[in-house]
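Visitor: Residue numbers (the working numbering), protein chains in the order written: chain V, 8 to 265; chain X, 186 to 543.
One thing to keep in mind: the hints can contain errors.
What the hints assert, rightly or not - Straight-line distance between alpha carbons at most 20 Å, and here's what the computed SDA-like set of lysine to any residue pairs gives:
#1 V:Lys236 <-> V:Gln181
#2 V:Lys166 <-> X:Thr500
#3 V:Lys236 <-> X:Trp466
Stated by the list, open to error - One-sided excerpt, in silico: chain X residues whose CB lies under 8 Å from chain V:
#4 Glu370
#5 Lys463
#6 Trp466
#7 Glu488
#8 Tyr493
What the hints assert, rightly or not - If you anchor each label on the Cβ, the simulated ranges turn out as follows:
#9 X:Asp496 <-> V:Gly50: 45 to 53 Å
#10 V:His237 <-> X:Asp326: 52 to 60 Å
#11 V:Lys72 <-> X:Glu312: 54 to 62 Å
#12 X:Glu522 <-> V:His237: 52 to 60 Å
#13 V:Ala139 <-> X:Lys463: 40 to 48 Å
#14 X:Ser446 <-> V:Val222: 55 to 63 Å
#15 V:Arg167 <-> X:Glu521: 35 to 43 Å
#16 V:Phe238 <-> X:Glu521: 55 to 63 Å
#17 V:Trp260 <-> X:Arg465: 35 to 43 Å
#18 V:Glu135 <-> X:Arg462: 44 to 52 Å
#19 X:Glu521 <-> V:Ala49: 56 to 64 Å
#20 V:Val118 <-> X:Lys336: 23 to 31 Å
#21 V:Glu135 <-> X:Ala483: 51 to 59 Å
What the hints contain is simulated information worked out from the structure, not anything from laboratory work. Glycine residues also receive a C-beta, built at the ideal position from the N, C-alpha and C atoms.
Chain residues, written in single-letter form:
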Amino acid sequence: MPLSQQLLLAATLTFVGAVVQALLALKSGAWKQGRAQLLLMAGGFVLQTAFIYLRGQEVGQCPMKSLPDILVFIAWSILLLYFLVGPAFRLSLLGVFTAPLISIMQIMALVGGFAPYAPKGKINALVELHAAVALIAYAAFALACITGVMYLIQERLLKRHQIGGLFYQLPPIQGLSNAIQRLVRLGLLLLSIALGTSFALQTSVSNPKLVFSWVVWALYAVISILMWKHFTSPRKTAWLAVIGFILPFISLWIVTHA
Amino acid sequence: MPEPTDNRAGLVCVGLNYKTTPVEVRERLAFPEAQVPQAVQQVRGLPGFVESVVLSTCNRVELYATHALPSGDHGHAALRDYLVEHFELQPEHAEALVLYNLDSAEAARHLFRVVSGLDSMVLGETEIFGQVKAAYKTALDTGATGKTLNKLFQQAFTVGKKVRNETTIQRGSTSVGSVAVDLAEKVHDLKECRVMLVGAGEMSRTCAQSLLSRGAKSIIVSNRSYDKAVELATEMKGTAMKFDEWEHSLHEVDVIISSTSAPHFVIKPEQIEQTMRKRRWEPLLLIDIAVPRDVDPAVNEIEGVYLYDIDALQTIADEGRRERERQLAACERIIEEQLEKFGFLKPPGQPQHGFIVS
Chain V
8 MPLSQQLLLA
18 ATLTFVGAVV
28 QALLALKSGA
38 WKQGRAQLLL
48 MAGGFVLQTA
58 FIYLRGQEVG
68 QCPMKSLPDI
78 LVFIAWSILL
88 LYFLVGPAFR
98 LSLLGVFTAP
108 LISIMQIMAL
118 VGGFAPYAPK
128 GKINALVELH
138 AAVALIAYAA
148 FALACITGVM
158 YLIQERLLKR
168 HQIGGLFYQL
178 PPIQGLSNAI
188 QRLVRLGLLL
198 LSIALGTSFA
208 LQTSVSNPKL
218 VFSWVVWALY
228 AVISILMWKH
238 FTSPRKTAWL
248 AVIGFILPFI
258 SLWIVTHA
Chain X
186 MPEPTDNRAG
196 LVCVGLNYKT
206 TPVEVRERLA
216 FPEAQVPQAV
226 QQVRGLPGFV
236 ESVVLSTCNR
246 VELYATHALP
256 SGDHGHAALR
266 DYLVEHFELQ
276 PEHAEALVLY
286 NLDSAEAARH
296 LFRVVSGLDS
306 MVLGETEIFG
316 QVKAAYKTAL
326 DTGATGKTLN
336 KLFQQAFTVG
346 KKVRNETTIQ
356 RGSTSVGSVA
366 VDLAEKVHDL
376 KECRVMLVGA
386 GEMSRTCAQS
396 LLSRGAKSII
406 VSNRSYDKAV
416 ELATEMKGTA
426 MKFDEWEHSL
436 HEVDVIISST
446 SAPHFVIKPE
456 QIEQTMRKRR
466 WEPLLLIDIA
476 VPRDVDPAVN
486 EIEGVYLYDI
496 DALQTIADEG
506 RRERERQLAA
516 CERIIEEQLE
526 KFGFLKPPGQ
536 PQHGFIVS
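The following block holds chain V by itself, in its conformation from the complex (with noise of 0.2 Å):
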């Protein structure tokens, strides 16, 4: 196994072992956000970054290309506004809750395999950055989604009146119903500039990557939309943001073998 994989494996399982971790925690009722977690993910993160890093020099180009790079990329990026957002909205558990879906997400690239790259010409950089913000934005949409999920456990043991150890390590649901609107309209806004970039790289209306990632785009600007008119609750919203992101996580698979 190269390295670049060998440092992806290593990440996941850092995750995997955030994850284990704080399940214990949670179910002896001891779980805390500590610095343990932090540094699991921060940990992560590093290991991820040096794949990225290293894949790239391997393929020559930014790794975007496959859907195992491109699931590697979108867990990265999801980390990353982890990070930005998590605690500018004061979201604690949010990280117990990321790492699921990206040890899930490298598992899968890395059971998929990291096949090289078809040789390419001179690179686009704005090609580049298309793909780059796009894959940013779903990570974005990722990240309501377990926000969404968040609020829905939430909302969930306040009615029921189940006031237990993750009842108060949740955040409060006002926050967490703020958290998802913003995170859907910084996701909208960042694929609005990548597909704003596919005008300017004059690609063909008919590509079936620009037909599904209009599609999304469509999609978060409804749910965008009944969030700022307040059409629906706070928790059909969230289960909007959760459901929603089924589909740019299938359009990936789509497009990346379309």
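Chain X: place on chain V using the hints.
Guide: Coordinates of chain X only, in the frame set by chain V:
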């Protein structure tokens, strides 16, 4: 006056608390805050005494000191006499005075337990940590502490933090008021939280006070007796509202605490549905303390509405207390480990120091 030196062997603690002494006696033996610096100096100035810290709260009065007297008993007796004289107790009261007299490791263990909230009326409460810190700072500022008490209190703060960080002793709510705060905190940002009291019963007042003390933004009080509403609103720096007007302001508040004596439901689903539309689905917490209940339970079915009646609150508070009790053994274990680490106890199997507890 002897200079403070390391005198762990002469460490004593004499005190009384809510377990040993009823409030009628405690209130007579409490040091007003302004008099604590003077008391610290007086204790330190007692013949043979070297250092002192005076801890005086509503639940306890404790004197920590080091001395160079022949035995701990002499130290205890001197501190007892000081309390009797200082508070000018009549002989019959002095005779009835029940104090705990602790030495060396027992005194350290007691302080560690106090700082960790294990000796508090509400197990695991955190306020005592700040109170002990303040007491120590007062003694430090007046120059009444030396090597031994400085070290002891620093160790106590370390232990207190360790107990809180490594256990969940402070987690959960143990009273109806604190449950209300916890719930409000998990629905809204408390600093932006607007509270309405419908009815001005004692329990709702307690809940409202808990919310305000934790930073709730504003309070509206509505009561059948408008005078009582005004009185309570003034006390809580809130706004009074006539009883026939509260329904119109429901959408403007985030937490409603209801405790009227009405024999029927005062808050009904159709009212709250309308309120939620006006609130644009902002979550609403309803705390129904009344018996018979004021809020129709069907209200809890509405999206974004969270209804807790008195039984639900009491159940959560009971569970909170049980959870803290479950943590007690782990806390005690940490304290014992720390006593050993700091040299107050020898490792198991070795003879321990001779402690006097009377």
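Visitor: Going through the earlier hints one by one, which of them does the structure break, listed in rising order?
Guide: Violated hints: 5, 19 and 20; rest satisfied.
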